[in-house]
Amino acid sequence: MHAMQYAITLPADYDMQIIRDRVRTRGHLLDDFAGLGLKAYGIRERGVDDAPVNQYAPFYLWADPEAMNRFLLGDGFRGVVRDFGRPAVQHWQGLFHRPGPAAGALPRAFTRRTVTLAEDADSATVIAQAIAGHEELATTEGVHTTALALDPRRWELVHFTLWADNAPRSAGDRYQVLHLSAPGIGLLGEGRQW
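The sequence shown begins at 1 in full-length UniProt numbering and counts up one residue at a time.
What the hints contain is simulated information worked out from the structure, not anything from laboratory work. The beta-carbon is built from N, C-alpha and C at its ideal position, and this holds for glycine as well. Be a bit skeptical, because a hint or two may be false.
As the list claims (entries may be wrong) - Ranges of calculated distance between the beta carbons of each label pair, as one might list FRET restraints:
| no. | residue 1 | residue 2 | range |
| --- | --- | --- | --- |
| 1 | R24 | G133 | 32 to 42 Å |
| 2 | P11 | T139 | 34 to 44 Å |
| 3 | V48 | R22 | 32 to 42 Å |
| 4 | E141 | R22 | 24 to 34 Å |
| 5 | E119 | P11 | 34 to 44 Å |
| 6 | G104 | G74 | 23 to 33 Å |
| 7 | G47 | P168 | 11 to 21 Å |
| 8 | R24 | V115 | 32 to 42 Å |
| 9 | E141 | E66 | 29 to 39 Å |
| 10 | D75 | S170 | 36 to 46 Å |
| 11 | G47 | A118 | 29 to 39 Å |
| 12 | D122 | D49 | 29 to 39 Å |
| 13 | F77 | R24 | 30 to 40 Å |
| 14 | A132 | F84 | 34 to 44 Å |
With these hints in hand, go ahead and build the complete structure from the sequences.
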């Protein structure tokens, strides 16, 4: 599993209905994209859920790294680049994924929180503790899916959770989910990936 996100920050007075319409008319195009575990079409609107900016920031879990490359070099991402410029794409290697009790519902929100490991921390211990936290989170009412991933270049953990309803403020940056494409969510596996 691989996690990926890019964020396109938009002007404060940007009409976010443009993004909503874009997702409404194009989101279904990845509903059967081979190798994609899931894509949560996320937005933040300035002033909503404490968001400081308007942003289109989809989050992906890939079952197959070749599929991720095919997407980034294909027509879909070319459209993003054409319309908004080429964004920086963050990428993490997957450590853990598990569906929650609300996996059958359509998620309304996701949260993303990044944590940099302390310089003197034992990486294996910190990651084991983070996985234990996600194992517990995966049993929480309202959780659709939860995942943990690592960027070993920066020694950064990303905590990602889809929520059936509103996301708790304490869970990290909150995003509205406009659409969920999940053609290969079953291919992501469950539990420890390392």
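*Looking back at the hints listed earlier, which ones does the structure fail to meet?*
Failing hints, ascending: 3 and 13.
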